[in-house]
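Starting from the known structure of chain S, arrange chain Y on it as the hints suggest.
Taken in order, these protein sequences are the chains called S and Y.
Per this note's numbering, residue 1 is the first one in the first sequence, and the count goes up by one each step.
Per this note's numbering, residue 1 is the first one in the second sequence, and the count goes up by one each step.
Keep in mind that the hints were calculated from the coordinates and are not lab data.
Take the hints with a grain of salt, since some may be wrong.
[To be verified] With a straight-line Cα cutoff of 30 Å, these simulated DSSO-like cross-link-like pairs (lysine-lysine) come out: (1) S:K169 - S:K236; (2) Y:K79 - Y:K132; (3) S:K265 - S:K203; (4) Y:K122 - Y:K79; (5) S:K179 - S:K265; (6) Y:K122 - S:K265; (7) S:K177 - Y:K122; (8) Y:K108 - S:K128; (9) Y:K9 - Y:K71; (10) S:K4 - Y:K71; (11) Y:K71 - S:K3; (12) S:K393 - S:K179; (13) S:K321 - S:K50; (14) S:K169 - Y:K122; (15) Y:K108 - S:K50; (16) S:K236 - S:K273; (17) S:K50 - S:K128; (18) Y:K108 - Y:K79; (19) S:K387 - S:K4; (20) S:K179 - Y:K122; (21) Y:K79 - Y:K6; (22) Y:K132 - Y:K71; (23) S:K128 - Y:K10; (24) Y:K132 - Y:K6; (25) Y:K108 - Y:K122; (26) S:K169 - S:K265; (27) S:K50 - Y:K79; (28) Y:K71 - S:K128; (29) S:K236 - S:K321; (30) S:K128 - Y:K132; (31) S:K177 - S:K273; (32) S:K203 - S:K321.
[Said to hold, decoys possible] Beta-carbon label-pair distances, calculated as ranges: (33) S:M395 - Y:N92: 32 to 42 Å; (34) S:D281 - Y:L5: 52 to 62 Å; (35) S:I286 - Y:L137: 48 to 58 Å.
[Stated by the list, open to error] A short list of chain S residues far from chain Y (calculated; beta carbon distances all over 10 Å): (36) E88; (37) R207; (38) D228.
Glycine is no exception: its CB is placed at the ideal position from the N, C-alpha and C atoms.
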Amino acid sequence: MVKKIPIGPFHPILEEPEFFELHVDGERVVDIDMTIGWSHRGIELLSEHKTWDQVPFLVERVCGICSCSHPYAYVKAVEDLLQIEVPERAQYIRAIVAELERLHSHLLWTGLAGHFIGYNTVFMWTWKYREPVLDILEAVTGNRNHYAMMRIGGVRREIPVEEIPNIRKMLDDLVEKNKMLTGAIVDDPVIHARTEGVGILDKKMCRLYGALGPTARAGGYNIDARRDHPIDAYGKIDFDVIVCENGDVYDKAVVRQLENFESIKIIRQALDKLEALGPGDICTEIGEVPPGEGIGVYEAPRGEVLHYIRSNGGNMPMRHKIRAPSFNNILTNEYSVVGDTVADAGLITAAVDPCYSCTERVGRIDRNSGERWIMSEGDLIRMSQEKTEEIRKMMTGK
Amino acid sequence: MSLALKALKKSPWVFHVNTGACNNCDIEILDALTPRFDVERFGIVLVGSIRHADVLLISGPVTRNVLPRLKRLYEQAPKPVKVIVIGACGCNCGIFRDGYNIIGPVDKYIPVDAYVPGCPPKPETIIAGVVKVLNTL
Numbered sequence: 001m002v003k004k005i006p007i008g009p010f011h012p013i014l015e016e017p018e019f020f021e022l023h024v025d026g027e028r029v030v031d032i033d034m035t036i037g038w039s040h041r042g043i044e045l046l047s048e049h050k051t052w053d054q055v056p057f058l059v060e061r062v063c064g065i066c067s068c069s070h071p072y073a074y075v076k077a078v079e080d081l082l083q084i085e086v087p088e089r090a091q092y093i094r095a096i097v098a099e100l101e102r103l104h105s106h107l108l109w110t111g112l113a114g115h116f117i118g119y120n121t122v123f124m125w126t127w128k129y130r131e132p133v134l135d136i137l138e139a140v141t142g143n144r145n146h147y148a149m150m151r152i153g154g155v156r157r158e159i160p161v162e163e164i165p166n167i168r169k170m171l172d173d174l175v176e177k178n179k180m181l182t183g184a185i186v187d188d189p190v191i192h193a194r195t196e197g198v199g200i201l202d203k204k205m206c207r208l209y210g211a212l213g214p215t216a217r218a219g220g221y222n223i224d225a226r227r228d229h230p231i232d233a234y235g236k237i238d239f240d241v242i243v244c245e246n247g248d249v250y251d252k253a254v255v256r257q258l259e260n261f262e263s264i265k266i267i268r269q270a271l272d273k274l275e276a277l278g279p280g281d282i283c284t285e286i287g288e289v290p291p292g293e294g295i296g297v298y299e300a301p302r303g304e305v306l307h308y309i310r311s312n313g314g315n316m317p318m319r320h321k322i323r324a325p326s327f328n329n330i331l332t333n334e335y336s337v338v339g340d341t342v343a344d345a346g347l348i349t350a351a352v353d354p355c356y357s358c359t360e361r362v363g364r365i366d367r368n369s370g371e372r373w374i375m376s377e378g379d380l381i382r383m384s385q386e387k388t389e390e391i392r393k394m395m396t397g398k
Numbered sequence: 001m002s003l004a005l006k007a008l009k010k011s012p013w014v015f016h017v018n019t020g021a022c023n024n025c026d027i028e029i030l031d032a033l034t035p036r037f038d039v040e041r042f043g044i045v046l047v048g049s050i051r052h053a054d055v056l057l058i059s060g061p062v063t064r065n066v067l068p069r070l071k072r073l074y075e076q077a078p079k080p081v082k083v084i085v086i087g088a089c090g091c092n093c094g095i096f097r098d099g100y101n102i103i104g105p106v107d108k109y110i111p112v113d114a115y116v117p118g119c120p121p122k123p124e125t126i127i128a129g130v131v132k133v134l135n136t137l
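The shape of chain S in the complex, shown without the other chains (with noise of 0.2 Å):
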C-alpha cells in the first residue's frame, strides 16, 4: 500500500524552498516527487536592468550562503567577454575571500546535519567554531555575509594589513577544532551506523543526474571547478581535491570535513602571496562593454555555479543565465532516497545541502483510505533522532 508525504514548500534554512512528495510503503521510500520555484524572485530578469556595476550586489543576493560565489562567477563572464586580466592582488584577495565563505558554509551544513541526527552538541559545536570565520569576514569586508567584495576587473576594498595576522591565528585555531571535529565524526560508531551506507549516491549515477560539489565528489565522482577551469589565482595555488568513494551521507560529511583543511590551505597560500607581493592595484578599469557573451564558472560550497552574459554593447546585459548548483544536486534525491526509510528521508535530502529544515509541515495521505497525517517538519526531524537513539542504545546496551 502506498501512501503519499508531501513535505515542503519551503525550508527555511538554507537554499531554494523546494516542496517533496515522498510515497511511502510502510517505512520505505517507493518514490519522490519534487517540485521547486517557491522563493522565485525573477533575480535574471531584474539584472538585466540593471547596469554592469549594479549586478554583483543583486547577484550576491541570490542565496545567503553562497555570497561570494555567484558575484564571483558574474565578473569572470564579464571578464571573459572583456577579455582582461585581473590584478595579481585581487586574484588572491578573491581567492581568499572565497575560501573563507567555503568555509563557514561547510561548518554551516556540518552542525545542521547533526541536528539531523540528535546529535545538537555537533550542531552547537559547529556554529561556535564558525563565528570567528564570521568574525574574520566582518572586518575585512564589513559584512558578516554579503560581502560585496567582487567589481568588474577587481576587487572593491583591499585587505588591511593588520588584518592578517588575525587571519592566521583564526585559521591555527580553526585547524585544531576542524580536526577534534573531524575526528569525533569519524570515530563515532553512532554516527557511523546512522550513516553509513544511507541515500547511496554512486558515481553512474553522480554522472547521470549531473551532480555537482562535494555531492559528486563523495560519490567518487572527480570534478571540482577550481580544478578543472582555474581561474585567477587558483592556478598558482597548490590543494587536493577530497573525494570519497561510497556516495553515502557519511561520505559526504567527509568530504566537507577534509574541504575545509583544503580552504585552509588556500587561504594560508594566498596570504603568503599577498604579503610577499606587497602594496598595489587591486582593480583594473574596464570602461565600456562591447556586444558579446561570456561564460562564468567558479566551484561555490555546493559546486559548480555558471554564469552567462550576453551584452548588445549597452550598459545592462542583455541576457544573464545563472545555474545553481543545487538544482542539479536536488534532482539526485530522487535516486538517493528511494528504498531508505522516512527517518532517513530528512537526512538524505540535507545531505546535498539545500538544507531542509524545521518549519515546514508534513502531512501524509493515505492513498487508498484518503486517510490524512498532518506532521509538522519538527516531527520529522524527531523521527530521525529517535532512529539514532534506538541506535546508540542498541550499540551501547543502556
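Relative to the frame of chain S, chain Y by itself:
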C-alpha cells in the same frame, strides 16, 4: 495585561518564516540561538510548529507562490502573536522591489509589530528587536 501576554513575556517561543529571502536572515536568526549569542538563556526557543509560536520572525519579500501560505500561517498562529520582520527585503522588498514575482512587503498582507532592517541584520540587532517588542507588552 492579560495572562497570555504576561506568560508570553517570560518565554517567547519564536517561529521563523522565509517568504522568499536569500536565507541570510534565517541563518542569522539561527545564529542568535548558538553559543556566541545563546538567546535560549532568556527562554527564547525556536519551535518547529506554528501552533506553538508566540512570535513570528518573517524574512524576505513576499513572492506570489508563498502568499497563500503566509496568510495561512498567520491564521494558524495562536493569538496574541507578535510579528517581527527581519531584514530589508521583508521591510520594503529591498533589492527585489522591481521583481515581477514579488508582490509587496510583509506588512501589506499581515499586521507587523516591529521591523529589523539590515541586509542581513546582525544577530545583536535581531535580539534587540525582539527585546524591544517584549518591552512594549
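So, going through the hints one by one against the coordinates:
no., hint, result
1, S:K169 - S:K236, "holds (24 Å)"
2, Y:K79 - Y:K132, "holds (19 Å)"
3, S:K265 - S:K203, "holds (27 Å)"
4, Y:K122 - Y:K79, "holds (28 Å)"
5, S:K179 - S:K265, "holds (14 Å)"
6, Y:K122 - S:K265, "holds (29 Å)"
7, S:K177 - Y:K122, "holds (24 Å)"
8, Y:K108 - S:K128, "violated (37 Å)"
9, Y:K9 - Y:K71, "holds (25 Å)"
10, S:K4 - Y:K71, "holds (25 Å)"
11, Y:K71 - S:K3, "holds (28 Å)"
12, S:K393 - S:K179, "holds (27 Å)"
13, S:K321 - S:K50, "holds (14 Å)"
14, S:K169 - Y:K122, "holds (24 Å)"
15, Y:K108 - S:K50, "holds (26 Å)"
16, S:K236 - S:K273, "holds (10 Å)"
17, S:K50 - S:K128, "violated (38 Å)"
18, Y:K108 - Y:K79, "holds (19 Å)"
19, S:K387 - S:K4, "holds (21 Å)"
20, S:K179 - Y:K122, "holds (29 Å)"
21, Y:K79 - Y:K6, "holds (13 Å)"
22, Y:K132 - Y:K71, "holds (25 Å)"
23, S:K128 - Y:K10, "holds (26 Å)"
24, Y:K132 - Y:K6, "holds (15 Å)"
25, Y:K108 - Y:K122, "holds (25 Å)"
26, S:K169 - S:K265, "holds (13 Å)"
27, S:K50 - Y:K79, "violated (43 Å)"
28, Y:K71 - S:K128, "violated (35 Å)"
29, S:K236 - S:K321, "holds (29 Å)"
30, S:K128 - Y:K132, "holds (26 Å)"
31, S:K177 - S:K273, "holds (25 Å)"
32, S:K203 - S:K321, "holds (28 Å)"
33, S:M395 - Y:N92: 32 to 42 Å, "violated (53 Å)"
34, S:D281 - Y:L5: 52 to 62 Å, "holds (60 Å)"
35, S:I286 - Y:L137: 48 to 58 Å, "holds (54 Å)"
36, E88, "holds (31 Å)"
37, R207, "holds (29 Å)"
38, D228, "holds (27 Å)"
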